[in-house]
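Undergrad: Here is what each chain is made of, one letter per residue.
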Amino acid sequence: MKNFKYYLDSTAEIGFVEEASNAIVHVSGLPKVKTNEIVVFETGKIGVVLSFTAKIVEVLVFSKESIGHGAKVVRTNEFLQVPVGTELFGRVIDPLGNPLTAMSAYKKPSKSRGINALAPGILARKTINRQLETGIPTVDLVMPLGFGQRELIIGDRKTGKTNFLMQTILTQVKQKHICIYAAIGKKKLDIKDAEDFFKKNKIFDKIIVVATGFDDPTGLSFLVPFSAMTISEYFRDEGYDVLLALDDLTTHAKFYREISLLGKKFPGRSSYPGDIFYTHAKLLERAGNFVTEKGEKAITCLPVVETIQGDLSGYIQTNIMSMTDGHLYFDSDLFAKGRRPAINPFLSVTRVGKQTQSTLKRDINREILSFLTIYDKMQNFSHFGAELSEGSKVTLAVGEKVIKFLGQGPSTTMPINLQILLFSMLWNNILQNRNIDPIGGDVNEIIKAYETKSNASKIIDQTVTDAKTFNDMLKTMKEKGETLLSSLKI
Amino acid sequence: MKKDISYSDLTSSLKTTREVADFASKIDAFQLAFFNSGKESTEKTLTLINENFAKKIILFFSNNHLDINDKSVVFNFLEKLSFFIKKLKVIKLVLAFDPTSKIVEKIHNFVQDVLGIGYVLDIEVSEDILGGAIVIFNGKYNDFTLKKQLEDTFREKGDQIISAIG
Chain A
45 MKNFKYYLDS TAEIGFVEEA SNAIVHVSGL PKVKTNEIVV FETGKIGVVL
95 SFTAKIVEVL VFSKESIGHG AKVVRTNEFL QVPVGTELFG RVIDPLGNPL
145 TAMSAYKKPS KSRGINALAP GILARKTINR QLETGIPTVD LVMPLGFGQR
195 ELIIGDRKTG KTNFLMQTIL TQVKQKHICI YAAIGKKKLD IKDAEDFFKK
245 NKIFDKIIVV ATGFDDPTGL SFLVPFSAMT ISEYFRDEGY DVLLALDDLT
295 THAKFYREIS LLGKKFPGRS SYPGDIFYTH AKLLERAGNF VTEKGEKAIT
345 CLPVVETIQG DLSGYIQTNI MSMTDGHLYF DSDLFAKGRR PAINPFLSVT
395 RVGKQTQSTL KRDINREILS FLTIYDKMQN FSHFGAELSE GSKVTLAVGE
445 KVIKFLGQGP STTMPINLQI LLFSMLWNNI LQNRNIDPIG GDVNEIIKAY
495 ETKSNASKII DQTVTDAKTF NDMLKTMKEK GETLLSSLKI
Chain B
2 MKKDISYSDL TSSLKTTREV ADFASKIDAF QLAFFNSGKE STEKTLTLIN
52 ENFAKKIILF FSNNHLDIND KSVVFNFLEK LSFFIKKLKV IKLVLAFDPT
102 SKIVEKIHNF VQDVLGIGYV LDIEVSEDIL GGAIVIFNGK YNDFTLKKQL
152 EDTFREKGDQ IISAIG
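Residue numbers (our numbering), protein chains in the order written: chain A, 45 to 534; chain B, 2 to 167.
Hints are computed from structural coordinates only; laboratory data are not their basis. Treat the hints with caution; some may be incorrect.
As the list claims (entries may be wrong) - In silico negatives: residues of chain B with every beta carbon more than 10 Å from chain A: (1) A34; (2) N53; (3) I59; (4) N64; (5) D144; (6) I162.
What the hints assert, rightly or not - Straight-line distance between alpha carbons at most 30 Å, and here's what the computed BS3-like set of lysine-lysine pairs gives: (7) A:K524 <-> A:K492; (8) B:K72 <-> A:K99; (9) A:K381 <-> A:K524; (10) A:K338 <-> A:K246; (11) B:K87 <-> A:K116; (12) B:K90 <-> A:K89; (13) B:K149 <-> B:K107; (14) A:K448 <-> A:K512; (15) B:K148 <-> A:K46; (16) A:K116 <-> B:K72; (17) B:K141 <-> A:K308; (18) A:K78 <-> B:K90; (19) B:K88 <-> A:K78; (20) B:K45 <-> B:K72; (21) A:K76 <-> B:K88; (22) B:K45 <-> A:K76; (23) A:K116 <-> B:K88; (24) B:K107 <-> B:K72; (25) A:K116 <-> B:K56; (26) A:K78 <-> B:K72.
Bear in mind that the values here come from a model prediction, so they are computed numbers and not experimental data. We treat Cβ as the ideally placed atom computed from N, Cα and C, and that holds for glycine.
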């Protein structure tokens with residue numbers, strides 16, 4: 045950006061601050077100003093035009109320090125842009141592309157893109173038909189997601205939502221997809237934790253983090269998801285599948301509410317402005333599965349929304365539910381019971397994920413879901429202290445094993461073919477007498493062996509590909525399950 | 002009160018924003034005094050504020066055939082006059098020197114001849130501009146300063162000038 049004097053000379057227009065209230069200032073003058081145009085104050089601070097009348101221009105300021113009455117403002121004829129390019133990998137940036145801390149300065153990419161792009165129309169879109177691997181059996185086998193799906197991650201605070209995002213990002217980076225993590229108004233410590241997680245797993249140089257801290261200017265925090273989406277669009281157009289995690293949109297809504305109330309917009313339900321739905325919808329509509337010049341490429345979006353005491357009927361919660369293709373509900377009760385991840389399959393929805401699955405995966409999905417339903421009923425029944433039949437006891441015992449299988453450590457991710465293999469083994473009673481606690485050493489060793497022994501993994505992948513149905517898979521397990529297991533050296 | 006009353010008779014002598022602010026403060030004082038005046042006549046209340054100001058107002062009332070002792074008429078007058086003052090358009094001028102009242106009057110007369118009535122000057126002094134003026138009006142910024150001229154000349158013909166001097 046150039047300085048105040050340059051824009052003053054080039055546009056020959058000036059404005060004066062008439063009223064300032066925190067992030068919003070009202071400016072007189074600037075006769076040819078446009079909405080979304082960047083304005084520069086004489087102190088060098090920048091802002092963006094939200095709206096204007098014949099006399100007053102409403103500006104959102106990207107600065108924490110207050111701006112005084114009478115301060116001079118110039119317009120720039122430039123619109124909000126974020127630098128885009130591979131230089132952003134391994135960087136934590138603010139929504140305008142500046143490093144979050146002075147210590148992490150970097151060479152900005154030369155290309156940039158407008159933040160407020162319109163969502164592509166129906167002709168640019170394609171049916172979601174490829175499964176997105178999260179590396180988490182509960183999701184991949186029970187609540188599958190597709191490339192280009194917008195899946196809401198919803199739940200109370202501290203129920204493992206961010207951890208789920210981290211695991212998904214880890215899996216996706218391993219598969220050479222682009223991952224962008226948007227941290228909206230988070231604590232600086234949380235941003236650092238995410239950075240440390242990526243660094244620990246040696247994937248930080250393949251990830252872009254767009255973030256603002258809770259003490260950063262409200263205007264900047266409001267821009268985070270839009271900026272992250274713009275970067276995602278750039279990589280989509282470059283021919284990559286992109287995973288975008290927005291953490292979280294309840295905070296984003298609160299920031300937008302603050303801006304709107306300061307801008308004297310009429311408050312609606314829970315004091316949110318009337319266009320909060322529009323704001324989030326226009327953001328999430330930019331994700332999806334698209335036909336691009338470089339083939340079918342997707343932006344998969346995982347927005348996070350926080351609930352209060354498990355209340356799914358909140359305003360922002362229901363809004364975002366209605367604009368996404370399903371939701372994964374992180375249940376605080378399950379979390380308290382020790383289930384990791386604490387996804388409640390009965391309260392979760394995936395609208396387009398199942399259409400991406402093969403017959404085998406769909407069979408497994410049905411099998412698990414119907415079994416979990418029976419297991420859940422049986423568990424409730426057993427709480428009455430009734431004398432259980434042998435059948436019920438077996439169901440409960442198997443159920444415990446299935447739940448254990450679906451459980452997972454915080455940085456463990458399991459390839460989907462291995463998930464299918466292990467579940468089939470479990471189901472076939474092959475592993476019934478073994479220690480199959482996934483959190484324990486066994487499963488981790490299997491995963492490690494699968495990832496390092498290419499011969500063994502090839503055989504397993506072929507076995508899974510060859511099986512058309514779950515019955516085929518079970519038959520194969522009966523015949524050579526032991527051999528496959530020994531190839532992974534348990 | 003008649004609709005075609007022109008308040009510009011009262012404000013035509015106001016040339017600068019400082020004079021407008023001074024006039025507005027007198028109106029405020031008159032408003033306050035008027036509401037606290039009780040049974041005192043309006044003329045007496047006015048003279049307590051400022052004699053010249055009082056003369057102007059009394060003359061304005063008599064010229065427009067208005068009853069100065071009718072409280073509702075005076076109330077209406079004050080409201081409309083305040084509104085009229087707020088509507089005066091400001092032309093901001095940045096000059097390199099502090100202008101005398103004669104120069105201010107000349108500039109104001111020029112503005113009146115060109116644009117008509119209803120304009121006041123907001124004059125700021127900045128020696129940095131060396132000479133000429135910056136004119137800011139309706140958000141438009143026009144730099145007619147000597148500093149700008151010199152900068153432009155040096156940008157365009159800097160090499161020639163230096164070689165001519167050297």
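Undergrad: For every hint, state whether the structure bears it out.
TA: Structure-based check of each hint:
1. A34: For A34 of chain B, whose nearest Cβ neighbour in chain A is about 29 Å away, the distance exceeds 10 Å, so it holds.
2. N53: It holds; N53 of chain B is separated from chain A by about 30 Å at its closest Cβ, greater than 10 Å.
3. I59: Holds, because the least Cβ-Cβ distance between I59 of chain B and chain A comes to about 35 Å, which exceeds 10 Å.
4. N64: N64 of chain B is indeed farther than 10 Å from all Cβ atoms of chain A, at 33 Å.
5. D144: It is violated; D144 of chain B is separated from chain A by about 7 Å at its closest Cβ, not greater than 10 Å.
6. I162: holds, 21 Å
7. A:K524 <-> A:K492: Holds - the C-alpha atoms of K492 of chain A and K524 of chain A are around 21 Å apart, at most 30 Å.
8. B:K72 <-> A:K99: violated, 34 Å
9. A:K381 <-> A:K524: violated, 36 Å
10. A:K338 <-> A:K246: Status holds; Cα separation ~29 Å.
11. B:K87 <-> A:K116: Holds, at about 21 Å.
12. B:K90 <-> A:K89: holds, 28 Å
13. B:K149 <-> B:K107: holds, 24 Å
14. A:K448 <-> A:K512: The given pair, whose Cα atoms are some 26 Å apart, holds under the 30 Å limit.
15. B:K148 <-> A:K46: Answer holds: K148 of chain B to K46 of chain A is near 21 Å, not above 30 Å.
16. A:K116 <-> B:K72: violated, 43 Å
17. B:K141 <-> A:K308: holds, 27 Å
18. A:K78 <-> B:K90: Since the Cα atoms of K78 of chain A and K90 of chain B sit roughly 23 Å apart, the hinted pair holds (cutoff 30 Å).
19. B:K88 <-> A:K78: Holds: K88 of chain B and K78 of chain A sit about 25 Å apart, inside 30 Å.
20. B:K45 <-> B:K72: Given pair K45 of chain B, K72 of chain B holds - Cα atoms ~14 Å apart, limit 30 Å.
21. A:K76 <-> B:K88: holds, 21 Å
22. B:K45 <-> A:K76: Between K45 of chain B and K76 of chain A the Cα gap is close to 50 Å, so the pair fails against 30 Å, i.e. violated.
23. A:K116 <-> B:K88: holds, 21 Å
24. B:K107 <-> B:K72: violated, 39 Å
25. A:K116 <-> B:K56: Violated, at roughly 40 Å.
26. A:K78 <-> B:K72: Violated, at about 47 Å.
Checked against the numbered hints above, the structure violates hints 5, 8, 9, 16, 22, 24, 25 and 26; every other hint is satisfied.
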